[in-house]
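One line per chain: the protein sequences are F and G, in this order. Residues in the first sequence are numbered consecutively from 335, following the working numbering. Residues in the second sequence are numbered consecutively from 335, following the working numbering.
It should be emphasised that the hints constitute simulated quantities derived from the structure, not laboratory data. Any given hint could turn out to be false.
What the hints assert, rightly or not - Facing chain F, according to a computed beta carbon distance under 7 Å, are these residues of chain G, among others:
1) 380
2) 385
3) 493
What the hints assert, rightly or not - For the chain F half of the interface with chain G, some residues (derived, Cβ under 8 Å), not all of them:
4) 474
5) 562
6) 603
Since this is a predicted model, take the numbers as computed values, not measurements. Ideal placement from N, C-alpha and C gives every residue a C-beta, glycine not left out.
2 protein chains.
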Amino acid sequence: MDTRPIGVFDSGLGGLTAVRELARIMPEEDLVYFGDTGRVPYGGRSREILVKYARQDTAFLRSFHPKAIVIACGTVSTTALDVLRAENDIPIFGVVGPAARAAAHVTRNGRVGLIGTKASIRSGAYERTLAKLRPGLEVTARACPLLVPLVESGRFRPGDIVAETVAGEYLAPLRERGVDTLILGCTHYPLMKAVIGAYMGPDVSLVDVGEQCARWVKRQLELDGLRNQRPGAGRRRYFVSDSAEDFSDLASLFLGEDVHGGVEQIDITAYE
Amino acid sequence: MDTRPIGVFDSGLGGLTAVRELARIMPEEDLVYFGDTGRVPYGGRSREILVKYARQDTAFLRSFHPKAIVIACGTVSTTALDVLRAENDIPIFGVVGPAARAAAHVTRNGRVGLIGTKASIRSGAYERTLAKLRPGLEVTARACPLLVPLVESGRFRPGDIVAETVAGEYLAPLRERGVDTLILGCTHYPLMKAVIGAYMGPDVSLVDVGEQCARWVKRQLELDGLRNQRPGAGRRRYFVSDSAEDFSDLASLFLGEDVHGGVEQIDITAYE
Chain F
335 MDTRPIGVFD SGLGGLTAVR ELARIMPEED LVYFGDTGRV PYGGRSREIL VKYARQDTAF
395 LRSFHPKAIV IACGTVSTTA LDVLRAENDI PIFGVVGPAA RAAAHVTRNG RVGLIGTKAS
455 IRSGAYERTL AKLRPGLEVT ARACPLLVPL VESGRFRPGD IVAETVAGEY LAPLRERGVD
515 TLILGCTHYP LMKAVIGAYM GPDVSLVDVG EQCARWVKRQ LELDGLRNQR PGAGRRRYFV
575 SDSAEDFSDL ASLFLGEDVH GGVEQIDITA YE
Chain G
335 MDTRPIGVFD SGLGGLTAVR ELARIMPEED LVYFGDTGRV PYGGRSREIL VKYARQDTAF
395 LRSFHPKAIV IACGTVSTTA LDVLRAENDI PIFGVVGPAA RAAAHVTRNG RVGLIGTKAS
455 IRSGAYERTL AKLRPGLEVT ARACPLLVPL VESGRFRPGD IVAETVAGEY LAPLRERGVD
515 TLILGCTHYP LMKAVIGAYM GPDVSLVDVG EQCARWVKRQ LELDGLRNQR PGAGRRRYFV
575 SDSAEDFSDL ASLFLGEDVH GGVEQIDITA YE
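All chains, please: the whole structure from these sequences, using the hints.
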């Protein structure tokens with residue numbers, strides 16, 4: 335039994351879809367969340383800058399002495415996971431492995447689609463992981479830089495012609511290729527599930543990276559004897575690098591619970 | 335005669351529309367540009383963070399001993415101009431004053447529209463300046479957070495249903511209000527001029543902040559005897575806080591000239 339908190343970070347809001355899932359399946363665990371809202375979005379940035387930001391995010395979370403850190407950000411998971419693992423002596427979980435495992439397991443025709451930010455797609459991390467898990471899988475990948483700004487502007491619901499047009503243009507080559515499984519490789523995308531699902535059709539399985547990651551983390555903590563068995567609800571703390579107020583409004587939407595008053599602003603550049 | 339360079343900064347690419355204009359009307363001046371591509375976009379951030387970033391951007395440009403600094407960013411101009419002026423002993427130019435002056439001069443019915451980023455609109459800077467220039471003007475302002483990501487994704491041309499739908503939704507209240515002058519309060523927006531102009535109609539004058547700012551800078555430098563009269567073309571240097579390569583592709587589009595090989599990456603957090 336280990337009562338230390340689990341640290342979670344993301345570039346901004348998206349990681350909250352993973353927090354919601356972690357809290358749902360492990361309600362008794364303490365969670366510390368950091369959203370780098372002062373430097374969001376990460377998706378278009380270079381590897382060098384991403385590694386620097388990821389190190390600072392990790393250093394901040396380590397000040398809470400967590401038992402594990404979850405990178406609830408597709409972009410960082412694909413570009414900086416190895417660096418963070420090499421530099422830290424606690425388990426570091428990313429979203430690539432769990433999602434790739436789920437996709438390799440679910441696909442019947444061996445054609446897997448992948449959407450993510452520019453940096454995630456450029457990294458080739460999903461392709462490499464899928465090739466190891468199940469050689470011969472065909473992966474069709476597509477960078478979707480506009481989906482994060484659309485979600486953060488509240489344009490993600492069915493019937494929104496802008497969300498549907500943009501998603502449709504990004505997804506057309508994947509549908510044409512006949513993928514039967516689609517990895518939503520960014521923690522923002524679950525909010526667009528209905529639009530994406532309607533376009534791809536009912537026969538395509540959507541793999542939600544935050545959800546898969548949360549399940550994987552739970553299993554690993556159990557195997558390592560690191561779960562907190564204390565009854566009752568764990569404490570959740572939220573930190574951001576820009577205004578706490580701006581964050582709270584949208585965060586409540588992502589989490590499905592009110593976090594006003596529970597969010598604190600910190601200076602992330604002070605952590606190295 | 336003063337051969338020192340003019341420093342120009344922006345959160346990323348948008349400021350290049352001002353650089354293009356500065357270079358066109360003062361071809362003999364040396365220009366040093368900094369685009370904070372490692373932390374773009376600025377438009378949704380809080381005042382506190384924006385002031386911090388603006389101070390660092392200014393400190394970097396001052397290392398070139400410029401004769402003046404142009405804030406080619408609507409967001410910083412509306413939130414941090416006063417701070418930067420108080421802290422620096424060289425002229426600091428923003429985009430608000432020149433654009434407000436042009437709008438106050440151009441409007442016939444006294445109804446002025448304004449579009450910009452969230453931070454720009456929240457600041458109220460245009461309203462305050464317009465009220466001083468011509469009391470009684472009616473200003474209708476609208477934050478347009480999706481326009482910058484759309485422009486940076488290449489979606490700004492007439493016929494693009496996404497660009498037209500999003501712009502139309504933002505602009506509808508301004509058209510209904512009957513504005514005859516519209517301030518494009520962000521240096522990204524000139525690329526959307528055709529879409530915006532088609533929606534607003536031929537009787538609405540569009541005020542381009544980068545263009546107005548460049549004209550104003552030229553006039554002020556002449557009044558202060560700070561112009562460079564040396565014949566020949568000035569030198570232009572470009573610096574960014576993320577990958578120089580990624581920047582070069584889009585920058586060439588904004589500037590209408592090739593800058594590959596002429597862009598350098600720097601660590602902006604090293605300047606205070």
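Structure-based check of each hint:
Taking 7 Å as the C-beta cut-off, the interface hint given for residue 380/G holds, the closest approach to chain F being about 4 Å. This hint is violated: residue 385/G has a C-beta 12 Å from the nearest C-beta of chain F, more than the 7 Å allowed. The criterion of a C-beta within 7 Å of any C-beta in chain F is not met by residue 493/G, whose closest approach is roughly 13 Å, and the hint is violated. Hint on residue 474/F is violated. Least Cβ distance to chain G is approximately 20 Å, over the 8 Å limit.
The criterion of a C-beta within 8 Å of any C-beta in chain G is not met by residue 562/F, whose closest approach is roughly 35 Å, and the hint is violated. Below 8 Å, beta-carbon pairs count as interface contacts, and residue 603/F has one with chain G at about 6 Å; its hint therefore holds.
Checked against the numbered hints listed earlier, the structure breaks hints 2, 3, 4, 5; every other hint is satisfied.
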